[in-house]
Each structure stands twice: as structure tokens, then as C-alpha cells.
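Undergrad: As a plain string of letters, each chain reads:
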Amino acid sequence: GAVVSQHPSWVICKSGTSVKIECRSLDFQATTMFWYRQFPKQSLMLMATSNEGSKATYEQGVEKDKFLINHASLTLSTLTVTSAHPEDSSFYICSVQHGGRRNTEAFFGQGTRLTVV
Amino acid sequence: KNQVEQSPQSLIILEGKNCTLQCNYTVSPFSNLRWYKQDTGRGPVSLTIMTFSENTKSNGRYTATLDADTKQSSLHITASQLSDSASYICVVSAPGGSYIPTFGRGTSLIVHP
Chain A
563 GAVVSQHPSW VICKSGTSVK IECRSLDFQA TTMFWYRQFP KQSLMLMATS
613 NEGSKATYEQ GVEKDKFLIN HASLTLSTLT VTSAHPEDSS FYICSVQHGG
663 RRNTEAFFGQ GTRLTVV
Chain B
821 KNQVEQSPQS LIILEGKNCT LQCNYTVSPF SNLRWYKQDT GRGPVSLTIM
871 TFSENTKSNG RYTATLDADT KQSSLHITAS QLSDSASYIC VVSAPGGSYI
921 PTFGRGTSLI VHP
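Those protein sequences? They're chains A and B, same order as listed.
Everything in the first sequence is counted per my numbering, starting at 563 for the first residue and increasing by one.
Everything in the second sequence is counted per my numbering, starting at 821 for the first residue and increasing by one.
Treat the hints as calculated values from the structure; they're not laboratory data.
Take these hints with a grain of salt, some might be off.
DSBU-like cross-link-like pairs, simulated, lysine-lysine; straight-line CA separation at most 35 Å [claimed, not checked]:
hint	chain 1	residue 1	chain 2	residue 2
1	A	LYS603	B	LYS837
2	B	LYS891	B	LYS821
3	B	LYS821	B	LYS877
4	A	LYS603	A	LYS576
5	B	LYS821	A	LYS617
6	A	LYS617	A	LYS576
7	B	LYS821	A	LYS603
8	A	LYS603	B	LYS877
9	B	LYS821	A	LYS582
10	A	LYS603	A	LYS582
11	A	LYS603	A	LYS628
12	B	LYS821	A	LYS626
13	A	LYS628	B	LYS821
14	A	LYS628	A	LYS582
15	A	LYS576	A	LYS628
16	A	LYS603	A	LYS626
17	A	LYS603	A	LYS617
18	A	LYS603	B	LYS891
19	B	LYS837	B	LYS891
20	A	LYS617	A	LYS582
21	A	LYS576	A	LYS626
22	A	LYS582	A	LYS626
23	A	LYS628	A	LYS617
Make the full structure from the sequences, and use the hints.
TA: Okay, here's the thing in C-alpha cells:
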């Protein structure tokens with residue numbers, strides 16, 4: 563399966579600052595990456611679809627000016643949480659899809675625990 | 821609306837015992853169904869993936885079943901180990917190029933010694 567590396571694995575930041583999270587596809591080129599957010603004891607919620615070389619597609623309710631996504635290469639997508647607030651504290655996970663149309667499988671990064679104080 | 825419902829929400833078993841987790845879905849059309857294991861503070865890791873034509877698939881002590889007619893799947897864990905303590909997530913996908921999967925809320929499994 564695909565190997566997805568996410569960095570950092572955890573970060574603590576002050577309210578009002580910005581935090582950048584990186585997602586790398588290590589063994590294949592990903593034109594599309596997905597960013598999820600997961601609150602405690604909740605399922606993963608899709609935030610946005612990151613498209614290489616073009617603008618990201620955001621899910622309803624997700625502020626695109628607050629969660630900046632850049633997918634400048636086929637192996638790297640970044641999520642920047644701008645002007646972070648305590649309510650942004652969550653577990654952020656990226657994924658890439660790999661495989662054919664019927665057996666496409668999602669491979670996930672190890673996640674980033676963001677705590678805003 | 822595509823939905824994936826998992827039960828039970830949480831489960832506690834003794835080490836060595838077997839257990840079965842359930843997943844019901846309304847996603848249609850259907851492409852594939854996957855079970856993931858997510859350890860606390862980690863990203864999900866794939867256990868099994870099944871397409872429409874498959875009704876059972878095993879991965880070591882994990883066996884997944886699929887009934888595409890009733891839109892139900894189960895994950896059976898045999899001879900549980902302490903390391904099986906985790907959240908188990910059922911994910912169902914529809915065909916199509918955009919491929920956005922629908923996630924269940926997961927079953928939290930705790931295995932006690």
C-alpha cells in the first residue's frame with residue numbers, strides 16, 4: 563500500500579498564530595489528497611480535497627480562508643490553520659487514494675494533534 | 821443521503837474472546853467497503869477491502885463479511901489480543917472519479933487481560 567507521512571505528529575500553539583501541517587505521499591504521485599478533522603470519539607470528517615496544481619475543494623461549513631491548502635507537487639500537500647483558536651484543537655489527518663476504480667483504497671497519514679492554547 | 825451506521829458504539833471483551841462488529845450502510849451505488857483500525861492518536865490503517873462481488877475476506881485474525889443485498893457488513897475478530905484495543909471504522913465508497921468515502925463513527929473496542 564501507499565505510504566503517507568504527516569508532519570508534525572503533534573503541535574501546541576498560541577491562539578492567534580498559524581500552524582502548517584504537511585502531508586507527503588512517499589511512494590507514488592498523488593494528484594488528489596484529502597484532509598480530515600476528527601474530534602474526540604467522533605468519526606473522520608472531510609474538510610477539503612486538495613488538487614495538485616489547482617485550488618482545493620472545500621466541504622460545506624469549512625472556511626477556506628482559515629484552512630489554507632496548498633498542493634504544489636504530486637507528493638506534498640500542506641494544510642495551514644490560520645489565526646488558530648482553541649476550538650480548532652483537533653486531530654487532523656490526510657489521506658491519498660490508490661488503486662483502480664473498484665478497489666480504490668485510502669491510505670492515511672499518522673495524523674497531527676493540534677492543541678491551541 | 822449516504823450513511824454508514826456502526827454498532828455497537830463501544831465494546832469491552834476479555835483477552836482471548838471473539839467479537840463481531842456490525843456495519844449497515846445506505847451508500848448507493850456501491851463500489852467497495854473497507855474496515856480500518858485506528859489506534860488512539862494515530863491515523864486509520866486498512867484491515868480489509870471488499871468489492872460488490874466479494875462476501876468474505878480475511879486478514880489474519882480479522883474476517884470481514886459483506887451482504888450487498890442487505891447492505892450489511894461485519895468484522896469478526898478471533899482470539900482477541902490486548903493490541904486489538906482500538907477504534908474500528910467502516911468506510912463505504914461509491915464509484916466515480918471524485919471518490920469521496922462515507923465513514924462510520926466507529927466501534928471502540930477495549931480488550932481486557
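Undergrad: Can you give the numbers of the hints that this structure goes against, from lowest to highest?
TA: Of the numbered hints, all hold.
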